[in-house]
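Trainee: First to last, the sequence lines map onto chains A and B.
No gaps in the numbering here: position 444 of the first sequence is 839 in our numbering, and each next residue is one more.
No gaps in the numbering here: position 415 of the second sequence is 810 in our numbering, and each next residue is one more.
Just so you know, these hints were derived from the structure itself, not from any lab.
There may be inaccurate statements among the hints.
Since copy identity is lost for identical chains, a pair holds within one copy or between any two.
[Claimed, not checked] Taking lysine-lysine and the PhoX-like style, the derived pairs with C-alpha atoms no more than 25 Å apart in a straight line are:
| no. | residue 1 | residue 2 |
| --- | --- | --- |
| 1 | LYS402 | LYS619 |
| 2 | LYS599 | LYS553 |
| 3 | LYS403 | LYS809 |
| 4 | LYS593 | LYS553 |
| 5 | LYS553 | LYS706 |
| 6 | LYS409 | LYS748 |
| 7 | LYS808 | LYS402 |
2 protein chains.
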Amino acid sequence: MSQGEYKKLLDEIKPMIENKAYEELENSLAPLHPADLADLLEHLETEERISVFSLLTPERAGEVLTQISPPIQESITNDLDDQRLTQILNELDSDDATDIFSRLPRERSEVIIRLLNPGVREELKRLTGYRTDTAGGIMGLEFVSVNSESTIGEAIEKIREKSEEVEKFYFVWVVDDHGRLVGVVSMKDLLLEPIDTKIKDIMKTEVISVDVGADQEDVARIVKQYDLTHVPVVNDQHKLIGRITIDDIIDVIDEEASEDFSLMAGVMDQELAEESALKISRARLPWLLVGLLGGLVSAIVINHFHGSIEKILALSFFIPVIMAMGGNTGIQASTVVIRGLATGEISIIRIGKRLLTELWVALINGILCGILLGFVVSFWLSDLPLGIGVGVSLIMVILFSGAFGSFIPLLLKKFNIDPALAAGPFITTSNDILGLLIYLSIITRFLVAP
Amino acid sequence: MSQGEYKKLLDEIKPMIENKAYEELENSLAPLHPADLADLLEHLETEERISVFSLLTPERAGEVLTQISPPIQESITNDLDDQRLTQILNELDSDDATDIFSRLPRERSEVIIRLLNPGVREELKRLTGYRTDTAGGIMGLEFVSVNSESTIGEAIEKIREKSEEVEKFYFVWVVDDHGRLVGVVSMKDLLLEPIDTKIKDIMKTEVISVDVGADQEDVARIVKQYDLTHVPVVNDQHKLIGRITIDDIIDVIDEEASEDFSLMAGVMDQELAEESALKISRARLPWLLVGLLGGLVSAIVINHFHGSIEKILALSFFIPVIMAMGGNTGIQASTVVIRGLATGEISIIRIGKRLLTELWVALINGILCGILLGFVVSFWLSDLPLGIGVGVSLIMVILFSGAFGSFIPLLLKKFNIDPALAAGPFITTSNDILGLLIYLSIITRFLVAP
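Same shape as in the complex, but just chain A (with noise of 0.2 Å):
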């Protein structure tokens, strides 16, 4: 639905909720797509928005949970009793049961999961036990598998077993007596192939697999460059134990470049959905306090310097455009370096040749930008000397910054931690401060005291 359409729909149904005229709205609300009805309900207050909520079966209710945002999924959750949100969890498949689980309070997590069918009660308790960034903590326990030795008849017979319960699948797995995975098979082959073939003989034996302790990143790494729907999840043994879905792996790319621009921007990464300013506040003020910290240092620098800007008072015109260059430099260099590590068109094998070329680029843009400056600011305030000093300073910090912003995060990801910790305030804090003390040392050094 476009914004357009939502507008229209809300128009619609806030006087119904109002009126309390509950059969027309389930007629209104019954052609909805789950997505869309989750949309809606993001756009409702929060009495209208329970009011709707409880109109739904828990099937449905269900579908919609697991398409809201999370803070406005807690506060559905918070408002349901403990009956209704065993039914929903109940009847949802195990990886989406297992996200609004793990979001619940402990002690009602407690009081939820006594309620629950032993059956899902069992799955809830393997899934939570993975770690919520691994392929465990992603994936779902509803798939199909056959034994290799079985028929296509057979194989036909198991998925009409699991029909109800699986709801999308276009490939079958295949597994050996011990339930190792051991080859997959695609449901045309099924289809087109005479019903009594041996599974064996049809299947593909290079079957993409990842291991259950699998850093997420890596599932979708690895899900992107084998162009993959679906990936069966294996333990240690090498036994299929789950599946990953092609939704759950956008839903991890979306997360990690958000993380990604929160650590550029120096926010928090869970501000992003948050709607209180209180929070939204203090999920940035940390790296509004480094930056202050960092200002702070940079004013005891120029206070170390006040005889020459005593001398020379032109120097203080100069310290805004030493410091954005810098940063500027600094920024464009660890982004492209960091967002490439990322996406893989930077690869640590020739670390040192992306650096080289991060030197050249600094050295040629620091060169051109320097001339251009000192070019101005001779011709501006008719002191030549000054206009060298002040283009060579400029040189200099580009470089450095432009060597700064790519080596950081290089280095960070020879030492596997997240490059993207780069990002944001600590190149350009350190930055301004250096920027600053290279530009005031060589000006002092060269004019003021020569």
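Starting from the structure of chain A, add chain B where the hints point.
Mentor: Using the frame of chain A, we list chain B on its own:
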């Protein structure tokens, strides 16, 4: 494959290439997945790459070529003779062939189009007619559709006919007598229902499709919202004319995220995959020049207030902290708003509410940081009025930058301009200048010339 495995494989095959041990080389490469082979080629020198690539069958060469990053893909196609390139294009899926074909130099593409198989030629002519950033530009023509009046048995025959051409398919789309999309049938239903069942009796009629002219970003949003794996593409008569697969959607998501990162960092988007220092320098220069210009304007602003700085030299100490805090606040606000708009977490229906929240956030953080800075300055320089002046200035600067940083992207979005344009250069540079103006005006008004 892990980076370690690549390195090992590289060490293994490099001597084979040098010694022209092509048979041995073919044996080493045979078990590799095309995606791994593509990665391997990216790590070879140009000459080595040509040797390895010439060993591949046209079909495998095509699969590898579609997985390689654009600059290296172009270098490979440049080295292929027309006949070989034609063979490869004949083998590829229509969307992949279009990608490679549309990157060829104009004169060459005119030669190649005449050499292609007639069927492929027609497909390429049709697909290159669509804008590359629309549904038409990323769709392929390999899909299976059946008439709603036909039976499962007939559908299976149609799948059999197309099973060579269509590699992966999980759904069969259903059309009416005019070719209009009316439903979808899952492979599961084809497998489980009796063979003489009519398609119209088992099809799902709520099938989500995209218009051929739809922006690729909107297509990606629809795929994410409705958890799709394949999207049918329709023309303005709702006729089914193509399909988009999930791996192409993931490419779009990555592309859009990279675009936003590039805008934030102030580099050209193409740069990410670029390796030549000169080209990288050129891609980064525009923002550096914006920064240089902004810095010179800042210099003029400070020069305008040079009388104040002569009287209170310490004013120059706090130029960096004012600039850094304004910059940080602006980047935080704009990034969160831009990202929120991109992921749909911020809805334009509630722009006013979001702006108000951002103002509160800026006010809270401004007051906290302003008071902190005011205290430090008062004690450090034993100058209470200066401390109060600097603190109040910081509050004003943070309030202004927060408002500006969130307002501009929302404004751009309102007028359907990509809000990510507001990231990076413009907001930061404007904030620097206006921050300095606010700071120096306040101090001059109340402390220097009361």
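Trainee: Confirm or reject each hint.
Mentor: Hint by hint, here is what the structure shows:
Taking the closest pair of Cα atoms, LYS402 and LYS619 come within 25 Å of each other only across two copies (21 Å); inside a single copy the shortest separation is 36 Å, beyond that limit. For the identical chains of this complex, LYS599 and LYS553 are neighbours both inside a copy (19 Å) and across copies (23 Å), given an alpha-carbon limit of 25 Å. In this assembly of identical chains, LYS403 and LYS809 lie within 25 Å of each other by CA distance solely across copies; the values are 18 Å between and 53 Å within a copy. Taking the shortest alpha-carbon separations for LYS593 and LYS553, both the intra-copy value of 14 Å and the inter-copy value of 24 Å come in at or below 25 Å.
With identical chains, the CA atoms of LYS553 and LYS706 are never at most 25 Å apart, being 88 Å at best within one copy and 87 Å at best between copies. When the C-alpha separation of LYS409 and LYS748 is checked against a cutoff of 25 Å, the pair qualifies only between copies, where the shortest distance is 19 Å, while the shortest distance within a copy is 61 Å. Proximity of LYS808 to LYS402 under the C-alpha cut-off of 25 Å is restricted to the inter-copy arrangement: shortest distance 17 Å between copies versus 46 Å within a copy.
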